[in-house]
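Peer 1: Sequence:
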Amino acid sequence: MEIITPEEVSDSARIVVSAEMGSPAVLLKEGWKGEEVHSFERMENLIGKIDHIAPVETGGLNSFTPIHNAAIKNLPVIDGDGAGRAIPELEQTTFHLGGVRVEPICLADSKGNSAILYPKSAKTGEEAARAITTVYGMAAGITCYPMSGRQLKSTIVPRTLSLNERVGKALREAKASGENVVEAALKVTNGYLLTKGKIKKKTEEVRGGFDCGKVYVGDMVVDYKNENIMIWKGNKPIAMAPDSICWLGLDGKPLTNADISEEIEVAVIGKKAHERWRREEGFNLFKHIFKILGYDGEYEPIDELIERV
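Heads up: the sequence shown begins at 0 in numbering that gives the first Met the number 0, then just goes up one per residue.
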């Protein structure tokens, strides 16, 4: 299995996105059981030879799913993804922002049950795929966004796998040398320390196929829908999607929302979104979630919000 840069991809190459869909808690517990390969092979049968695999997001599981799949299928994986952050919904990608069609969508479970969708929009595709994933026990492999190399290069957030590797290396080296792991993470990501402390409370419910909840840490509250969407101090937002809001244990362990529990000590790190996101159309893909969370304002970049804390 080889990791290649977007620049190494020919314009005529055929690329698909490979990922897992469902509840992070279920996926963390179950791991891969073949559903990701089943969905990929459904796509192969449908469109023919596939040259490369791309990640859909930078995520605790979905940065690794395409690598895992690429190793099994002996295909190169692209160093980059469709978001540069973790995303809860299929339409919240730079691929979609750049005009790449999501369909066909191939879904499968670990038993080999499968479904192929031809939605008229990425939003409809998300809703239909989420409903099927619920039938599949909240864990499904999904292959979608078939695109050319030319489309990939104009829409991808580049070199996110390389960044993941650098973050991991920085954390390992900091732990080994006894240095501050939070400072190491901030340096390599050019991130912002939003808060740190003990998790006071976590509430969660499954809603529409998503794990939705709140995490209370220090004097701040993080709202999430599978992925962290907004962090508040009082009634004021401190950071919001598409900027990233990340958990890091004070022991240097990266954490997903499925890992978060009361009493553990964490740092909350914010990171600027890629420039492809920093326009009204990007923010609008998250706006329906913000309204549910009680925020009806406009997108404010993390680097501007943090100055007012």
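If you're looking for bench data, these hints aren't it; they were derived computationally from the structure.
Incorrect hints may appear among the rest.
FRET-style restraints, in silico, Cβ to Cβ [what the hints assert, rightly or not]:
1) Lys-168 to Arg-277: 25 to 33 Å
2) Gly-177 to Ile-305: 23 to 31 Å
3) Gly-111 to Asn-283: 22 to 30 Å
4) Gly-136 to Lys-186: 22 to 30 Å
Don't be surprised by glycine CBs; every beta carbon is placed ideally from N, CA and C.
Peer 1: Now, for every hint given, state plainly whether the structure supports it.
Peer 2: Hints, one by one, checked against the model:
1. Lys-168 to Arg-277: 25 to 33 Å: Hint holds: Cβ distance 28 Å, inside 25 to 33 Å.
2. Gly-177 to Ile-305: 23 to 31 Å: Between Gly-177 and Ile-305, where Cβ atoms are some 28 Å apart, the hint holds.
3. Gly-111 to Asn-283: 22 to 30 Å: violated (38 Å)
4. Gly-136 to Lys-186: 22 to 30 Å: violated (41 Å)
Of the numbered hints listed earlier, those contradicted by the structure are 3, 4.
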